[in-house]
Amino acid sequence: AQSVTQPDIHITVSEGASLELRCNYSYGATPYLFWYVQSPGQGLQLLLKYFSGDTLVQGIKGFEAEFKRSQSSFNLRKPSVHWSDAAEYFCAVGDNYGQNFVFGPGTRLSVLP
Amino acid sequence: EAGVAQSPRYKIIEKRQSVAFWCNPISGHATLYWYQQILGQGPKLLIQFQNNGVVDDSQLPKDRFSAERLKGVDSTLKIQPAKLEDSAVYLCASSARDRGLPDSPLHFGNGTRLTVT
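Quick note, the sequences are listed as chains A and B, same order. When the letters of the first sequence are read in order and numbered with this note's numbering, they come out as residues 1 to 113. When the letters of the second sequence are read in order and numbered with this note's numbering, they come out as residues 114 to 230.
Accuracy of the hints is not assured; some may be wrong.
[Claimed, not checked] Pair by pair, the computed Cβ-Cβ distance ranges are:
1) 45/A with 187/B: 32 to 42 angstroms
2) 61/A with 133/B: 43 to 53 angstroms
3) 128/B with 54/A: 21 to 31 angstroms
4) 167/B with 20/A: 18 to 28 angstroms
5) 29/A with 131/B: 39 to 49 angstroms
6) 189/B with 100/A: 20 to 30 angstroms
Calculated directly from the structure, the hints in this document are not laboratory data. By construction, the Cβ of each residue, glycine as well, lies at the ideal position given by its N, Cα and C atoms.
Please build the complete structure, drawing on both the sequences and the hints.
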């Protein structure tokens with residue numbers, strides 16, 4: 001079974017600064033990787049996903065993520081953070097049978113004005 | 114397309130009472146999930162349906178939780194009797210994800226926030 005770790009529980013950045021949220025996964029085959037964002041009181045919204053092809057994927061709201069097989073990582077990045085990006089971010093990995101889908105514990109992002 | 118609909122948005126009950134949550138998935142999505150999200154934690158899968166059959170309910174506390182998905186569309190999740198530790202947000206998600214479409218994402222509703230007093 002697959003698993004996901006997000007080493008940072010809480011990150012604080014200043015508005016306009018760059019951002020990188022870490023995600024490490026464990027899965028024996030090629031993983032299906034996803035990043036979701038959850039604003040307070042809301043459900044989870046998909047930011048981007050990766051399965052194959054270019055290891056740098058673009059998502060919505062100016063986010064991108066890079067898949068690094070050698071490091072079992074799928075880190076989320078944004079060059080310039082906006083105050084509205086303050087939220088909880090979840091990395092998730094799905095198996096290649098379309099059955100199991102596991103979330104990481106999440107990283108809470110705070111943005112300073 | 115219409116998103117995943119959940120109701121109610123909020124529910125407050127006393128311990129030992131019962132409660133039910135409803136979910137209407139995106140049209141055509143065969144897979145439906147119920148997650149429990151305790152404050153400050155990631156979503157934890159309670160039960161996963163493929164059409165109207167159960168794929169995974171290994172983490173569902175079956176002595177008090179039950180779920181059904183009649184006709185492979187809408188689903189209800191019930192808790193009876195509720196405990197204090199059931200206070201959480203209950204999220205429903207649907208997906209076209211299956212063996213043929215493993216890269217399909219999950220689409221989430223806004224959740225039901227349950228408070229047990």
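Hint-by-hint comparison with the structure:
no.: 1; hint: 45/A with 187/B: 32 to 42 angstroms; in the structure: 22 angstroms, violated
no.: 2; hint: 61/A with 133/B: 43 to 53 angstroms; in the structure: 35 angstroms, violated
no.: 3; hint: 128/B with 54/A: 21 to 31 angstroms; in the structure: 52 angstroms, violated
no.: 4; hint: 167/B with 20/A: 18 to 28 angstroms; in the structure: 39 angstroms, violated
no.: 5; hint: 29/A with 131/B: 39 to 49 angstroms; in the structure: 42 angstroms, holds
no.: 6; hint: 189/B with 100/A: 20 to 30 angstroms; in the structure: 24 angstroms, holds
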